[in-house]
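Colleague: What follows is the residue order along each chain.
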Amino acid sequence: MQKIVSKVLSKFGILFDLTKWIILVLVVLILVNVFWLTIFVVDGISMEPTFKDNEIVALNKFYFNNNDPIRGDVVVVRYPGDPVKKKYVKRIVGLPQDNVKISNGKIYINGIQIDEDYLAYDVDSDPNGSWKLKDDEYFLMGDNRPFSNDSRYFGPVEKRFLVGKAIAIIYPRFRDDFQ
Amino acid sequence: MKNNFKTLLNSLSFYRKKTYFFVIIFALATLGYYTLSQQYSADDIALFSNQSSADLEINMVVKEDGDILLNDKSIGNKIDVYADYDELRLPVIDKGGNYYSSVTINLKVPSNSGPSVKHEIIAIHGVGKTSSNMEDDGTIVYKANDVSKNATISIVAKFPKGIISIPVLKQTVAGISQVKDNYWLVIAVVLPLITLIYTLAFLFYQLRRHRIEIPEKEISAPPMAIPPAIVGALYNQKVGPREIAATLIDLAQRGDIVILDRDRDFAFGKAKFDQRLLGFEKLLLSKIFKNNISSNFDEIEKRINNHFYSKKISIVTAGIYALATRLGYFKISPQRIHSKYRIIGTSAFIIALIGFVLSLLLFTNPPYIVFFWVGMMASSLIIAFTAGNMPLRTTIGQEVLSNWFAFKKFLSNPDDFPYSENYLEIFNKYLPYAIVMDCETAWARRFKNHNFTMPDWFLTERGNLGLEDFCLSLFPIVSYVGRSLAALREPGFE
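Residue numbers (our numbering), protein chains in the order written: chain A, 1 to 179; chain B, 180 to 673.
I should point out that these hints are in silico values taken from the structure, not numbers from a laboratory. Just to be clear, a hint being listed does not mean it is correct.
What the hints assert, rightly or not - Pairs of lysine to aspartate or glutamate, EDC-like flavour, derived with a Cα cap of 20 Å:
{"#": "1", "chain 1": "A", "residue 1": "Lys159", "chain 2": "B", "residue 2": "Glu266"}
{"#": "2", "chain 1": "B", "residue 1": "Lys491", "chain 2": "B", "residue 2": "Asp453"}
{"#": "3", "chain 1": "B", "residue 1": "Lys359", "chain 2": "A", "residue 2": "Glu158"}
{"#": "4", "chain 1": "B", "residue 1": "Lys287", "chain 2": "B", "residue 2": "Glu266"}
{"#": "5", "chain 1": "B", "residue 1": "Lys274", "chain 2": "A", "residue 2": "Asp43"}
{"#": "6", "chain 1": "B", "residue 1": "Lys297", "chain 2": "A", "residue 2": "Asp82"}
{"#": "7", "chain 1": "B", "residue 1": "Lys297", "chain 2": "A", "residue 2": "Glu158"}
{"#": "8", "chain 1": "A", "residue 1": "Lys159", "chain 2": "B", "residue 2": "Asp259"}
{"#": "9", "chain 1": "A", "residue 1": "Lys61", "chain 2": "B", "residue 2": "Asp246"}
{"#": "10", "chain 1": "B", "residue 1": "Lys491", "chain 2": "B", "residue 2": "Glu266"}
{"#": "11", "chain 1": "A", "residue 1": "Lys85", "chain 2": "B", "residue 2": "Asp453"}
{"#": "12", "chain 1": "A", "residue 1": "Lys134", "chain 2": "B", "residue 2": "Glu266"}
{"#": "13", "chain 1": "B", "residue 1": "Lys417", "chain 2": "A", "residue 2": "Asp43"}
{"#": "14", "chain 1": "B", "residue 1": "Lys297", "chain 2": "A", "residue 2": "Asp136"}
{"#": "15", "chain 1": "A", "residue 1": "Lys86", "chain 2": "B", "residue 2": "Glu266"}
{"#": "16", "chain 1": "B", "residue 1": "Lys519", "chain 2": "A", "residue 2": "Asp82"}
{"#": "17", "chain 1": "B", "residue 1": "Lys257", "chain 2": "A", "residue 2": "Asp82"}
{"#": "18", "chain 1": "A", "residue 1": "Lys20", "chain 2": "B", "residue 2": "Glu669"}
{"#": "19", "chain 1": "A", "residue 1": "Lys86", "chain 2": "B", "residue 2": "Glu669"}
Based on the sequences and whatever the hints tell you, model everything.
Modeller: Structure (structure tokens):
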């Protein structure tokens, strides 16, 4: 019995010895991917002209551990209706406690119209509506307003659904100045 | 033709066993990736699809234990646990493929819920008006009209704590999830740090207990006639490349093998068939020569690279340890002690790895508990790596080693070796001992002002070399072979 155990342990030891560096590299990659840096592929046109369909973007998942989201941040968010399977990339327009109002295609935060130079020329932000954001809620919108499903439709999003901040387009063009 | 092809493959570092191993790893990785990608791509799963009706009514019940009934059939416990509330967040329709003029979802909640349950309907991709209301009979009615075939409709109900009886496992997972990320990071750092401090303290304590007295006087001859590999095992408590290299030189100077130094190449040749060799020496020679009388660089390299591990070299190592233990230098073979700690370290690593994977599957948002397992992995590696340095010598071993230290003093004495008739013989004879005690350069330096003649067991195309060139030719050869062969030992034989 002892011989069998020692033989099994020996074979197991060999397998462990051969794979330990692969395992360690995988563990490090998983840690980086889960907690810090990952990439995602833009699916759709809702963030044009900032992101085009199929562009590959780097995402900093750790950013919001040390920094509060600010207006204009481009973030990946879990869709509140199906947070396990659906993730979207949107821009933060409204911050906690803000009064967000959309009227005649323009956005007003706490009564003041905001300047959105990241939008394409002459884009309206219809439909009209107004929202009072709670302590941990954010109002998110796609840059391509007519073709974006965002907080105008699914409502403000709690901070727990924010996955991370988009930091750069890495393929097919490099760009990190979209904030 | 077949041999030529094999030689070509070998010259490209293509070796059969290594290829098999990495093909298996690649196949497993591909299979794993495929399985995972299949899981993630199935994002259109929802409770209802392909039902053709102008109006759709769905009846659901939340039981007190969190189980959800859909038309009297259980769909499992879908309640997520948070610090302040328990939440049902369920996609009900996801691109169902049909247009509905209205969708009504009746969610019967536990009778003790009262009006405090918060509810919400979330709908996108082509839905008209939506609403949600709590009826008097404890049913939340979610309504949506003009629901397009691409619509996604989800319902949300947030229950105050205490209404749903959450299963213990789910409560535990939720409890662990709520521990702040900083705590896990601290554990990930502190756990290996404590292990490191403990193992270093234990090592320090053992080293003090097993302190070797370094004699003041040097002795000019080996304290006893034992093979250099045994001296190396006693000195280092390990059998490594130096012990193998020293054994090769020892065999050469005893006339069993010759070493051929060629331009960018080397070879070993058998000089005689010696029946008095020790078991580990015979095995070492059989690994180098197989059944031939000579073995060149290509053949040795092939024998090394075609294996992940070599049973022969493992037994060579075990044989050296066994001999040193039989001589009373160790109470238990160092190999067995190293294996024991290695098994402890490996087992802890495997447990940590399983915990790591399970945590990734069980915990979300994000699974900071994995840092605990990472800390455990680091601790297990510390145990496995420091195990080899634990002092294991017996009192006899310590006394004998003390004498060898006196001999090492002689080998590394900075003064020129006193001239004598047989100084070259002495240089060659003690060279293997100098190698296992890490002082071969100092030993060679003692002869720098003497005339040097190459030993007859070292043959080179470059004529008679001086001492420095001899060392520069010999040491890389034996060091390469020693290192390569030592790397072939199976785990646990280090």
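Colleague: Now look at each hint and say whether the structure bears it out.
Modeller: Now for the hints, and whether the structure bears them out:
1. For the given pair, Lys159 of chain A sits about 16 Å from Glu266 of chain B by alpha-carbon distance, which is consistent with the 20 Å threshold.
2. Between Lys491 of chain B and Asp453 of chain B the alpha-carbon distance is near 19 Å, which keeps this suggested pair within the 20 Å criterion.
3. Distance check on the hinted pair: Lys359 of chain B and Glu158 of chain A sit about 18 Å apart at the alpha-carbon level, within 20 Å; holds.
4. The hinted pair formed by Lys287 of chain B and Glu266 of chain B meets the criterion: a straight-line CA distance of about 14 Å does not exceed 20 Å.
5. A hinted pair counts as satisfied when its Cα atoms are at most 20 Å apart, and Lys274 of chain B with Asp43 of chain A qualifies at roughly 17 Å.
6. Annotation: proposed proximity of Lys297 of chain B to Asp82 of chain A holds, straight-line Cα distance about 18 Å (limit 20 Å).
7. Among the hinted pairs, Lys297 of chain B with Glu158 of chain A is consistent with the structure: their alpha-carbon atoms are about 15 Å apart, no more than 20 Å.
8. With a C-alpha separation of about 17 Å, the suggested pairing of Lys159 of chain A with Asp259 of chain B holds against the 20 Å cut-off.
9. Note on Lys61 of chain A and Asp246 of chain B: the hinted pairing is violated, with a Cα-Cα distance of about 33 Å set against a maximum of 20 Å.
10. Straight-line distance between C-alpha atoms of Lys491 of chain B and Glu266 of chain B comes to about 62 Å, which puts the hinted pair past the 20 Å bound.
11. Under the criterion of a C-alpha separation no larger than 20 Å, the hint pairing Lys85 of chain A with Asp453 of chain B is inconsistent with the structure, at around 72 Å.
12. Between the alpha carbons of Lys134 of chain A and Glu266 of chain B the distance comes to roughly 18 Å, so the proposed pair stays at or under 20 Å and holds.
13. For the suggested pair Lys417 of chain B and Asp43 of chain A, the alpha carbons sit about 58 Å apart, so the restraint of at most 20 Å is broken.
14. Proposed proximity of Lys297 of chain B and Asp136 of chain A is supported: the alpha carbons are some 17 Å apart, at most 20 Å.
15. Between Lys86 of chain A and Glu266 of chain B, the direct Cα distance comes to roughly 18 Å. Compliance with the 20 Å bound is thereby established for this hinted pair.
16. For the hint linking Lys519 of chain B to Asp82 of chain A, the alpha-carbon distance of about 49 Å lies beyond 20 Å, and the restraint is violated.
17. A threshold of 20 Å between alpha carbons decides the hint, and for Lys257 of chain B with Asp82 of chain A the separation of about 12 Å falls inside it, so the pair holds.
18. With a CA separation close to 14 Å, the supplied pair Lys20 of chain A and Glu669 of chain B stays within the 20 Å bound.
19. At roughly 48 Å between alpha-carbon atoms, Lys86 of chain A and Glu669 of chain B are farther apart than 20 Å, so this suggested pair is violated.
Hints 9, 10, 11, 13, 16, 19, counting from the list given before, are not met by this structure.
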